[in-house]
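The listed protein sequences derive, respectively, from chains L and A.
Quick note: the first sequence, position 55, residue 58 per my numbering, numbers continuous.
Quick note: the second sequence, position 59, residue 894 per my numbering, numbers continuous.
Be aware that a few hints might be false.
[Claimed, not checked] Calculated lysine to aspartate or glutamate pairs in the EDC-like style (CA-CA distance at most 20 Å, straight line): (1) A:K938 <-> A:D889; (2) L:K129 <-> L:E87; (3) L:K130 <-> A:D925; (4) A:K938 <-> A:E1085; (5) L:K32 <-> L:E99; (6) L:K130 <-> L:D114; (7) A:K854 <-> L:D134; (8) A:K854 <-> L:E99; (9) L:K32 <-> L:E183; (10) L:K32 <-> L:E154; (11) A:K979 <-> A:D889; (12) A:K938 <-> L:E74.
By construction, these hints were calculated from the structure, which means they are not laboratory data.
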Amino acid sequence: MSDVIHTVQLSRAFGGQTVVRSLDLSVPKGSVYAFLGPNGAGKSTTIRLLLGLLRPDSGSISLFGLPLPAERMAVLARVGSLVEMPSLYPHLTATENLAMPARLLHRGVADLTRALATVGLSGVGKKLVRDFSLGMKQRLGLALALLARPELLILDEPTNGLDPAGIHEVRQLLRMMPSEHGVTVFLSSHLLSEVDQLATHVGMLSQGAMVFQGTVATLAERRRTRLRLIVERPADAATLLAARGWPVERQGDALIAAADAPAAAINRTLVEAGYDVHALVHETDSLEHIFLGMTQAEAR
Amino acid sequence: MNGLRMVPRVLVTEALKLKRTTALRCALLPLAIVFLYFLIGVLSGQALVRQGQDIWTSLTKNTVSLWTVLMLPLFITLETSLLAGLEHTDRNWKFLLTLPVPKWVIYLAKFVIAMGLVCVAHLVLIAGTMVSGMLLRQFAPALKLTALPIGLLVWPLAKISVAALLAVAIQHWVSLRWQSFTTAMAFGVCAMVIGFLAANSVEWGPWYPWSLTLHTLTPQPGAVISPMVFSVLAACVVMVLGAWQFTRREIG
Chain L
4 MSDVIHTVQL
14 SRAFGGQTVV
24 RSLDLSVPKG
34 SVYAFLGPNG
44 AGKSTTIRLL
54 LGLLRPDSGS
64 ISLFGLPLPA
74 ERMAVLARVG
84 SLVEMPSLYP
94 HLTATENLAM
104 PARLLHRGVA
114 DLTRALATVG
124 LSGVGKKLVR
134 DFSLGMKQRL
144 GLALALLARP
154 ELLILDEPTN
164 GLDPAGIHEV
174 RQLLRMMPSE
184 HGVTVFLSSH
194 LLSEVDQLAT
204 HVGMLSQGAM
214 VFQGTVATLA
224 ERRRTRLRLI
234 VERPADAATL
244 LAARGWPVER
254 QGDALIAAAD
264 APAAAINRTL
274 VEAGYDVHAL
284 VHETDSLEHI
294 FLGMTQAEAR
Chain A
836 MNGLRMVPRV
846 LVTEALKLKR
856 TTALRCALLP
866 LAIVFLYFLI
876 GVLSGQALVR
886 QGQDIWTSLT
896 KNTVSLWTVL
906 MLPLFITLET
916 SLLAGLEHTD
926 RNWKFLLTLP
936 VPKWVIYLAK
946 FVIAMGLVCV
956 AHLVLIAGTM
966 VSGMLLRQFA
976 PALKLTALPI
986 GLLVWPLAKI
996 SVAALLAVAI
1006 QHWVSLRWQS
1016 FTTAMAFGVC
1026 AMVIGFLAAN
1036 SVEWGPWYPW
1046 SLTLHTLTPQ
1056 PGAVISPMVF
1066 SVLAACVVMV
1076 LGAWQFTRRE
1086 IG
């Protein structure tokens, strides 16, 4: 897959503080790329750099193989975007808000109607935006991004302000974008759940630097599995298991053994020695666990 | 020049944004002057007449003077601030500037809309004065008003529009450069007050952007350059510099 977004050593500082540092971003065509990081990690700054709203201090950006900012016009004609809160004119109706960019993008009524329908706002086209809820504004912002049938969607926290049903709908919509419309989706989020439910590729940002980039499958390989036991008198049980050649770690009231430790044999040993085993389960690192591990390592 | 071809589309878009805005409603402000002189005409008609002048000449000169000295500088400040506020509010720049439109076209279009509103206000002033004249014939027949000789308003206001180009260009830049409505308003009001003083200065009056409109009405003998010509030339310079700065602007 060729890269739709490609940055090399992209850096940007504000007032002497580096917000994006030496970022090598690689977003393959047809992917749903989740750009993750805690608040203040540099996600929004990166997105502004990709859209030409900010200039990099160093490094290069290319979208569709075209360099920014040299080919700004050609690039932006193929991109739909939503940066943080949607940019709307509250004194105009939803339809009027879409009609203005539609004119600039050489799009007709059919595209406008389709965009409203796609985000589920067909029935409120004539309503003033000032009377919209936060979730409706977010949907209208998405409609603006979709208006010109872009090849690339760049979305900054697109599910902000949406209720659970709205979040589900937007995720469904974005998930089908590559397969049904050939659109590559690049979205930033601080919600790790976006990855499992939406993304094919992941980039993890911490303090402006990329700590992981790859497919969701590659990320999954980093998930460690282990055997967790909840047993009475854990200190004694740990000694017993160690004597049998199954070393365990204490973690509060739980004992943690290696993932390949024989669960059935451990259970039988403990029960035969008179220990009550309350739980014995194979558990896998959550995304949060992996992410925190990476970002904390970066912070150190 | 791809950008030039986009200018009409961007202009229409900017005009559409005016719907239901205070900026558009403000174009009716000149009616306040029309109403004032209508009241004076009804209550004490002859007070309108300047010595040695017919009533229409007096009335139109009073109207244009009041508009030019007091209201136009405020109107320019208010309109440019309100127009810029449409984008500053809700930080709409971050969408507008990611559309495939050259930034200078957006800058130019917003200036044209601001100037357009000045012209609309002048049309409102002309139309309002015509209607006021018709009503005065009914309510103050002693004034013996004829139909408005429209040239008495059209030509001075046309010249004032041209002379206002420089002040609009400067105020346009200030309003877009700083997000704060208060900053733009404070700048405009200060510029206007200084204009009151500069207007009476032989040295500075013909060059001060906010005095050019007044100097257009009362040209100084032996002036090096017409206020209108100076306004057009200087406005072009301000617009080029402003557009250059706008294209380099970052949206954080």
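**Message:** Tell me if the straight-line CA distance from K130 of chain L to D114 of chain L falls inside 20 Å.
**Reply:** 19 Å, holds
**Item:** Pair hint K938 of chain A and E74 of chain L, alpha-carbon separation not exceeding 20 Å
**Value:** Since the Cα atoms of K938 of chain A and E74 of chain L sit roughly 14 Å apart, the hinted pair holds (cutoff 20 Å).
**Request:** With a cut-off of 20 Å on the C-alpha distance, tell me whether K130 of chain L and D925 of chain A pass.
**Result:** Holds, at roughly 18 Å.
**Message:** Given the hinted pair K938 of chain A and D889 of chain A, is their Cα-Cα distance within 20 Å?
**Reply:** Outside the cut-off at roughly 51 Å; violated.
**Prompt:** Between K32 of chain L and E99 of chain L, is the straight-line Cα distance small enough, at 20 Å or below?
**Reply:** With a Cα-Cα distance of about 32 Å, the restraint between K32 of chain L and E99 of chain L is violated, given a limit of 20 Å.
**Message:** Holds or violated: K854 of chain A and D134 of chain L, Cα atoms, limit 20 Å.
**Reply:** 16 Å, holds
**Message:** Given the hinted pair K32 of chain L and E183 of chain L, is their Cα-Cα distance within 20 Å?
**Reply:** The hint holds at about 14 Å.
**Item:** Holds or violated: K979 of chain A to D889 of chain A, with C-alpha atoms at most 20 Å apart
**Value:** At roughly 11 Å apart (the allowed maximum being 20 Å), D889 of chain A and K979 of chain A satisfy the hint.
**Message:** Given the hinted pair K854 of chain A and E99 of chain L, is their Cα-Cα distance within 20 Å?
**Reply:** 10 Å, holds
**Asked** Taking only the CA atoms, is the gap from K938 of chain A to E1085 of chain A under or equal to 20 Å?
**Response** 11 Å, holds
**Request:** Take a quick look at whether K32 of chain L and E154 of chain L sit within 20 Å of each other, Cα to Cα.
**Result:** Holds. K32 of chain L to E154 of chain L sits at ~9 Å (cutoff 20 Å).
**Request:** Sort out whether E87 of chain L lies within 20 Å of K129 of chain L, counting only the CA atoms.
**Result:** Outside the cut-off at roughly 24 Å; violated.
In summary, the structure is inconsistent with hints 1, 2, 5 from the numbered list given earlier, while agreeing with the others.
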